[in-house]
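Trainee: Could you put the whole structure together from the sequences, leaning on the hints where they help?
Residue numbers (the working numbering), protein chains in the order written: chain A, 1304 to 1685; chain B, 2 to 185.
Don't read these hints as lab results, they were simulated from the structure. Every residue gets a Cβ at the ideal spot worked out from N, C-alpha and C, and that includes glycine. A couple of the hints might just be wrong.
A few chain A residues that face chain B, going by a derived Cβ cut-off under 10 Å, partial list only [as the list claims (entries may be wrong)]:
| # | residue |
| --- | --- |
| 1 | Q1311 |
| 2 | W1351 |
| 3 | I1405 |
| 4 | L1409 |
| 5 | L1417 |
| 6 | S1422 |
| 7 | M1432 |
| 8 | L1483 |
| 9 | N1485 |
| 10 | S1545 |
| 11 | A1614 |
| 12 | I1618 |
Beyond 10 Å from chain B on every Cβ pair, some chain A residues (computed) [unchecked claim]:
| # | residue |
| --- | --- |
| 13 | N1314 |
| 14 | V1345 |
| 15 | P1428 |
| 16 | V1479 |
| 17 | L1482 |
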Amino acid sequence: MNVAARQQKDNMLLGMSGVGVIAGLLAAAATFAQGHSHAFNVTREIPWGVLVSAYEFLMILAAGLALLVSVGLSLKLEQYAELSRKALVFALASMAGGFFLIFMELDHPVRMLLFAVTSPNITSPLWWMGLFYGGMIAVILVQLFLLVRGVTLFRRVMGMAGVVATLMVLANMGSVLALLENRPFWSEAFVPVHFLISALITATSLGALLVFWERLRMESSVPLPEREFMVRAGRFLFFLLSALAFLIAGKLGSGLYAQPPGEFSALMTLLNGPLSLNFWLLEILVGLVLPLAILCNQWTRTPTGVVIAAALALIGSFFMRYDLVIAGQLVPMREGGLEKGEQLLSYFPSVVEFGLVVGSLGICLFLFILAEKFFAGRRKTS
Amino acid sequence: MKTKRFAIVLDTRKCIDCKACTVACKAENSVPLGRDNHRNWVTEEQLRGKFPNLGQSFTPGQCMQCGNTPCNRVCPTKATGVNADGIVTVQPKKCIGCKYCMTACPYNARYYNDEIGAVDKCTFCAHRVYEGRLPACVDTCPTKVRVFGDLNDPNSEVSKLLARHPHRVIKPEMGTKPFLFYLI
Chain A
1304 MNVAARQQKD
1314 NMLLGMSGVG
1324 VIAGLLAAAA
1334 TFAQGHSHAF
1344 NVTREIPWGV
1354 LVSAYEFLMI
1364 LAAGLALLVS
1374 VGLSLKLEQY
1384 AELSRKALVF
1394 ALASMAGGFF
1404 LIFMELDHPV
1414 RMLLFAVTSP
1424 NITSPLWWMG
1434 LFYGGMIAVI
1444 LVQLFLLVRG
1454 VTLFRRVMGM
1464 AGVVATLMVL
1474 ANMGSVLALL
1484 ENRPFWSEAF
1494 VPVHFLISAL
1504 ITATSLGALL
1514 VFWERLRMES
1524 SVPLPEREFM
1534 VRAGRFLFFL
1544 LSALAFLIAG
1554 KLGSGLYAQP
1564 PGEFSALMTL
1574 LNGPLSLNFW
1584 LLEILVGLVL
1594 PLAILCNQWT
1604 RTPTGVVIAA
1614 ALALIGSFFM
1624 RYDLVIAGQL
1634 VPMREGGLEK
1644 GEQLLSYFPS
1654 VVEFGLVVGS
1664 LGICLFLFIL
1674 AEKFFAGRRK
1684 TS
Chain B
2 MKTKRFAIVL
12 DTRKCIDCKA
22 CTVACKAENS
32 VPLGRDNHRN
42 WVTEEQLRGK
52 FPNLGQSFTP
62 GQCMQCGNTP
72 CNRVCPTKAT
82 GVNADGIVTV
92 QPKKCIGCKY
102 CMTACPYNAR
112 YYNDEIGAVD
122 KCTFCAHRVY
132 EGRLPACVDT
142 CPTKVRVFGD
152 LNDPNSEVSK
162 LLARHPHRVI
172 KPEMGTKPFL
182 FYLI
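Mentor: Structural data, given as structure tokens:
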């Protein structure tokens, strides 16, 4: 093993993510200087923009990673202990990136911490979000402790606890949108199920990329156990992407067949409206068709093929979150918000919003690499 | 004594789209300047007929002070509340700016007020009403489109208007039970 080469690769990724962190901090400074209404392109009619969708992407990724690890612990899959540890660390880093975004999105995050405790509203899915995140973080930390210390006792119990905790998070995240009766595009059971499948897709994709990155760092070819993992991950990803394709087809079909008001207009923004490029190119082609094509047969479902499919699926997942959040808001609640002659509202992220999203991804990667350096250091000294 | 339940009844045939109500509201409630910042509005309906036989209607609107409030349900810190008389309020010091209530409102009745650092909306000018005065939009309207009163009082003008005339609410299918009634 070439330690210097490995450290160089780590430092390179640390540097790249550091640039992202700096971009995020500059965007945060711009937000404080200008105020939200000037820094962001959200409006009265479209109050939730790319910050919310990117936050959802990162949290869904974290929940998916925690869910897969929890299932593995429950089934006592000891051979994946090291990968599980990495996945949990990435989940925490992803949550840190997500919390950065939501803290920037909220006008008064400190009030949230105070009044969520002193003035809770238990009918609000957003309130339950805080509780479930806390539960998931607690479970992740205990699981991480058990894995790092090599403690096998309680792993199964913590695995099962993790499954429950992560499913609560995903169901609740879906219900934030699904319980809004006025937004028919969101208001159905599709959203929580979509979130669950997306979580598994993003987590599986990231798992494959983590294995790839580890091999790249080690500058060695993929050993047999990890080859088997990659092929299995590829099969699992194929199954998940197929399920997602089925779900999306069902949503499109029911919306186009009955054309329910509100939902049909929102669907058309994806099919031939302002979000059609995102939808057809990034969600369907990049996020579904290409990965499925790579993963559907044994000749292309190689470790390299799985890595390419995983990267594409992750990109597609990011835009799926964005399109879901924005399409649900482009149809106005009343005509007053429209410019003359327009049928739909419009939204495009501002430079500051882009910067914050880049910053959140940078924070996620930066913290992960730092953590891995820490764990590598501990392994050397122990 | 029965609790009051405030409501507004609108006769949109009288509306001339002068926007006096929106100006009065902004002045009375210190609503900041800006396109997005308004507590009430007037929607221009589609033109009817062909030139020279044309017609147009205008539909004033504001927070519907719903009986089944989606905004109150989703607010995580109970910044949004409902008074006993049905007026839906916002406590600015508890508002965290998540804008969930804005996303949940079927009527686009809410906006984020940068000056107070909270979501803002029509409150039927509660500060005036509790002094025995009328809301600013009702008071200023030159053609008396809006009538304000207590629906729990069968002798109030709003109760009589609703008893005499067929009326509708906006988006009844949402199940929000709005307390802004439009005479048909």
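Trainee: A separate judgement is required for each hint: does it hold in the structure or not?
Mentor: Taking the hints in turn, this is what the structure says about them:
Using the Cβ-Cβ criterion of 10 Å, the hint placing Q1311/A at the interface with chain B is not satisfied: the shortest such distance is roughly 43 Å. A cut of 10 Å between beta carbons decides the hint on W1351/A: the least distance to chain B is about 6 Å, and the hint holds. Restraint check, I1405/A versus chain B: the minimum CB separation of about 9 Å is within 10 Å; hint holds. Of the supplied interface hints, the one on L1409/A holds, with its beta-carbon coming within about 5 Å of a beta-carbon of chain B, less than 10 Å.
At its closest, the beta carbon of L1417/A sits 8 Å from a beta carbon of chain B; the interface hint therefore holds under the 10 Å criterion. Given hint, S1422/A at the interface with chain B, holds; its Cβ is 5 Å from that chain's nearest Cβ, closer than 10 Å. Annotation: M1432/A was flagged as interfacial toward chain B, and the flag holds, the nearest CB pair being 8 Å apart, inside 10 Å. Residue-level restraint check for L1483/A holds (minimum Cβ-Cβ distance to chain B is 5 Å; threshold 10 Å).
Look at N1485/A: its Cβ gets to within about 4 Å of chain B, closer than 10 Å, so that hint holds up. Interface restraint check: S1545/A against chain B, minimum CB-CB distance 32 Å, threshold 10 Å, status violated. The beta carbon of A1614/A comes no nearer than 32 Å to any beta carbon in chain B, farther than 10 Å, and the hint placing it at the interface is violated. Interface hint status for I1618/A: violated, as the beta-carbon distance to the closest one in chain B is roughly 26 Å, over 10 Å.
Against the 10 Å criterion, N1314/A stays outside the reach of chain B, whose nearest CB is about 38 Å from its own CB. Here V1345/A does not stay apart from chain B, with its beta-carbon only about 8 Å from theirs, under the 10 Å limit. Non-interface call for P1428/A relative to chain B: violated, since the shortest CB-CB distance, roughly 7 Å, does not exceed 10 Å. Its closest Cβ contact with chain B, about 8 Å, brings V1479/A to no more than 10 Å, contrary to its assignment away from the interface.
With a least CB separation of 8 Å from chain B, L1482/A falls inside the 10 Å interface cut-off, contrary to its annotation.
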